[in-house]
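Residues per chain, in single letters:
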Amino acid sequence: MRQSGQPALATARPHRNRLLRRDVARPHRFGQAIGMARSIGTAVVSAPDGVPSAGAGPDAVTPRGMMPSIKRTKFKLSHQQLLEMYYWLKLIRAFDERLSTLVKQGKVRSGVYTGIGQEAIVVGTCFGLRKEDYVCPLHRDLGTFLMKGVTARAMMSQMFGKATGLSKGRDSALHSGVSELGIFGNTSMLGANLPVAAGLALTFKMEKTDNVVVAYFGEGASNVGDFHEALNFAGVQRLPVVFICENNQYAYSVPIEKSMAIEDVAVRAEGYGFDGVAINGNDVLAVYQATLGAVARARTGQGPTLVECKTYRWHGHSEHDKAFYRTDEELAIWKSRDPLTTFTSYLEGMNVLTGERLTEIETRVKSAIDDAVEFATNAPDPAPEDAVTDLYA
Amino acid sequence: MPRELSYLEAIREALVEEMRRDPKVFVLGEDVGAYGGAFGVTQGMHEEFGELRMIDMPISESAIVGVSIGAALRGYRPVAEMQFADFISCAFDQIVNQAATLRYRYGGRASVPIVVRAPSGGNVGGGLYHSQNPEAWFIHRPGLKVVAPSTAFDAKGLLKAAIRDDNPVIYFEHKYLYRRAKGPVPEGDEIVPIGVAATRREGTDITLLTYGAMVTPSLEAADRLANEDVEVEVIDLRTLMPFDKEAIFASVEKTSRALIVHEDVKTLGLGAELSAVLMEERFSSLDAPVMRLTYPDTHAPFSQVLEQANLPGANTITDALRRLAGY
Ligand SMILES: Cc1ncc(C[n+]2csc(CCOP(=O)(O)OP(=O)(O)O)c2C)c(N)n1
Ligand SMILES: [Mg+2]
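Residue numbers (the numbering used here), protein chains in the order written: chain A, 1 to 393; chain B, 1001 to 1327.
Just chain B, with the same shape it has in the complex (with noise of 0.2 Å):
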């Protein structure tokens, strides 16, 4: 039997299991070093790997991920570390122009192999700008691919694929899941290979997609439905770019109903893309409009009554998958 860690934990392992085993990789953020990150997650290592390893940056996102992208052009495999993805956005450029581009133009002759960690998603009231979830805005910028976990098991396991893929990855690791997500994690290599979903509950009436701190939820609210004689199929979608097109669409032709999950906001959030793909490659196996629920439109609000009013849950997913059911 595998130890159990925690996700926090498991995301360390992984580096320190990377980092020990090329010694191309290294990790470049702010309070990345002696401090051991701001959630911790960098914990120790600076002992192992010293200060030009574990590389404590100014407060300059564009440069931590410039700065990873240059040494990724000369072979090595930076892991940038975002103190908190709403951050993410002073690194906007750098990511989607720089190194998403960079490829195609240089004719397919150079790649970029960087990781960009970026600590998202909300429930731990965190207000405006400690809350995000930006990854839509990374899904929809080619070059680029992005990755968010929802056990400690893939936490590892995505991250070390991250590392080891050679195209920049956008790893979101969802703040709530940090200490409350625990699980058995092998020691050593358990790679959780990029584009594959994985079935989290297996069910023939509806399909339900979501991923990261959603998942959770959405369980308990397959078990609530399996009391109604409604098995819900749970497919955690792991990786976001590119999503896994064949384990969506096998679910579909079986359950013939789909309901996505997420935390994003609506608009152009990942559902859209999953539904649209659905309407437009198996129209002919729905049996029901594919249903959305995500955070409403609107920022992150501080106020916890009002932050639990955006939040999906296992109540609102009860809901939404009774009226899919209904239908």
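Bound-form chain A, shown alone (with noise of 0.2 Å):
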């Protein structure tokens, strides 16, 4: 990483036409600019304003210049419901976390590729779901499994390559699904999960249900074919699905203004006839508020939206990755917007959550995090012969 001192990302690299582009990607007029006012303007931002942001305002300046917003769809949450929102952060913060003290200490031997900065999007897009519904999520999202209904023990011993795993030790990672949740794991082909969630929206649509499939990539993986293939053919069909961008502004090292000419994700949903937008995805209240209109337009017909969450990973693209391609700066900033920090407060300040709660909150995520961890060690390994078993029905 680089030491502090030298000048921060804003300033060493400036961004093309940053003013102009700028102008296009801010959401209010970002419909009116590429013509997209149609139905952004009637279900994701339809609701008057007024809902409190949780995180970092709209205005906050990133790196990379504003944070966006959109306006907000009305919706209620019970205390309980946030707590359980609390919860779900905390747990998949902790589980990343400790996943990563594993690899350092050797017990878990790769393939960890943490989202820790990035939970607000995985609980905000998966708290609302049902369990009808499918995820197909990217390899940062393990959060999705756990929120699904896949038991930590299990997704610990995946982690661990023991038989107890979801793949019984064929694949680590999130290289699995489980069907009766509604969870589609990918390969590691980036962008190879999107053609396939437009498959299973597709039996959505012949079986003429509500249900939604909410579908995962990076921004670097919006560069691949199979993510404009499969966004094509979702908006031919107006499938109900919901894609959701985790724009962490790098892919692996590379920074987006590298490898792409745009600076929003979200206009690529444009070129395939369905609306895009972008939101300020470390504000879970943001993300859920976002996807509840999404997927109120997928489950009544209306087709496809991208929601493109504007994020930053604080770890490595992987662990054994250091990062030294961005600034120590730039990772402050970024850390200053932590999802979990800014909502404990949004919490805090609507006194939902009180010191009981929160010691009973971290007591629940620790246990559950160590239970997880103790298993899938003593778990067993596979049976040598599984090597080559189920690779036929």
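To be clear, the hints were calculated from the coordinates, so they are not data collected in a lab.
Zero decoy hints are in this set.
Partner residues are not named here, just some residues of chain A that face chain B (Cβ under 8 Å, in silico):
hint: 1; residue: HIS175
hint: 2; residue: SER179
hint: 3; residue: MET189
hint: 4; residue: PRO195
hint: 5; residue: LEU200
hint: 6; residue: THR203
hint: 7; residue: MET206
hint: 8; residue: GLU229
hint: 9; residue: ASP390
List of simulated lysine-lysine pairs, DSS-like, C-alpha gap at most 30 Å:
hint: 10; chain 1: A; residue 1: LYS148; chain 2: A; residue 2: LYS366
hint: 11; chain 1: A; residue 1: LYS107; chain 2: A; residue 2: LYS335
hint: 12; chain 1: A; residue 1: LYS322; chain 2: A; residue 2: LYS258
hint: 13; chain 1: B; residue 1: LYS1024; chain 2: A; residue 2: LYS205
hint: 14; chain 1: A; residue 1: LYS208; chain 2: B; residue 2: LYS1024
hint: 15; chain 1: A; residue 1: LYS335; chain 2: A; residue 2: LYS76
hint: 16; chain 1: A; residue 1: LYS76; chain 2: A; residue 2: LYS148
hint: 17; chain 1: B; residue 1: LYS1024; chain 2: A; residue 2: LYS131
hint: 18; chain 1: B; residue 1: LYS1024; chain 2: A; residue 2: LYS148
hint: 19; chain 1: A; residue 1: LYS258; chain 2: A; residue 2: LYS335
The C-beta atom is built at its ideal place from N, Cα and C for all residues, glycine as well.
Assemble the dimeric complex from its two separately framed chains, guided by the hints.
Shown next, in the form of structure tokens:
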């Protein structure tokens, strides 16, 4: 990592046409600028303003400019639900942090791509889903498995390569799935989950159910052909799918401005005939709200939406990456927008989160993770014979 | 007596019957809807099944297969059409990484019952990108099954088996055979099981292993050898993965000689594997080296002169059989 004292990223790497592009990207002009006012105007942003933002405000300045926000759909969450959201944020953070430690201790071999700093996206998108809805996560979204109902024990076993993992040791990380829980696990091939997501959504359309598919990809993966094939098909068929872009500004070491000539991935949706919005991906309520709108549209036959969540990953690309391609300042700015801290203050400010509740949640989280690690540590390895089973049905 | 159908009509009949039988079966591919497919395989089906079961896809081979996988995970049995087998390379990742590994990485808790139909093969003046035989790529990938019918009867029966199979099956249908191969095809369920070869001609002196469009010239060559007192047993593999070891071994134990003929190129084609398996497991039965007659290691040229120079035919197969008989 570069030492502090060097110029901050904004000055070090000015974006081409920064102001002009920024104007296009500002959501309230976004629709008008590229002719998208029609359905952004109806579903996602129909309700009046006034729901407080839990995270960085709409005008918080990022190293790469303004943090976009959208006008908000009205929603109600009980205190209990808010605390549940908080629990998930905490659990997913703790899971990833423990994995990071386990890698350093040599107890987990590889394949750890944490989503630390991006948890608001997983929690905000999964929170309102049904069991029948499908998620097609990207490699940092371990939390989607947990929120859709896979136990921490099974996920930890998966990371340990144990027989009790979803893959029975055949692969680690998120390369497995659980059909009964509506979880599709991708291969390593970035973007390859998106055509599959479209296929899942096609079956919901065929069955005339109002279930939806939520499919995730990084901004880097939006340069893969599968992304474009999938979004195009979803647009043509008006499939019930919500595409969630986790724009954490880097694809491994490559910053977004070196991999695409646009600033907002959201504009790509226009090329496929549906709407894209860019939101603050570190604000769990903003993510929840945007997903709510997009999901409501999908459930009512109005087709796909692309929700781009601006965010940042705190760790390197994977646990072995020192991430020297970015500055300490940049990381510090983003850490100040920690989705967990901002949500904590928000809940404390509303008196929803009291000291007692906090202790309770922290204890629950810690014991869940400890239990999972202990379980996975003691779980059996797969039998050697299983290297060549389950190839054919 | 069952009616005669062309190979192409037999494929269509299998699709129609399977779609009537099972509402979870549907077809997706380029131009497969109202137009009826580039070769006319799906003609008339759109009227009966409508556009949600005969899906006209954008030119997106990867999505054609990826969408099929997603639907299969929800219990559907999609039949994806590649307009030409040559374009299957554009869907390669979805087939070899997504579909082939899914059951394995899901710990055996899911399967991918998709069929990818791929019109393959030359002798139709298609040139470099409309003549290929890419079966070996998929035979080489665990988790996939690969079939290649040579008759109208098998075209129907194998497609039915492929649709009902719980694994991803790549179904190579040979373009040269579409309207040239005709034969009796019974109505209804006459399933040709995957993994079972057919002996097209019995013989005691040489085993000829082949498939697809090479079956007919192989039979012609075998007839010629019969005039020279060499009886050739011609085995049509039908399924390339998993190939029918039992039938192959039984024949070679009888004849002690084997010639493999395929239209795919030589290096690491299926012939290489069959030859290696015979060496490893039936060395003591062999009186002569296993021989191969294949397309040379080159591309499929457009000029008829060049293409004919590459394709194995009755004459070159006859020569190869004579060499093997005289070994
Ligand atoms: C098709 C493909 N190419 C390359 C890789 C190696 N790789 C894994 S993650 C990654 C960066 C992904 O960036 P992005 O899509 O933005 O997601 P992020 O990791 O930032 O969350 C790369 C290059 C891959 N997994 N798949
Ligand atoms: Mg990224």
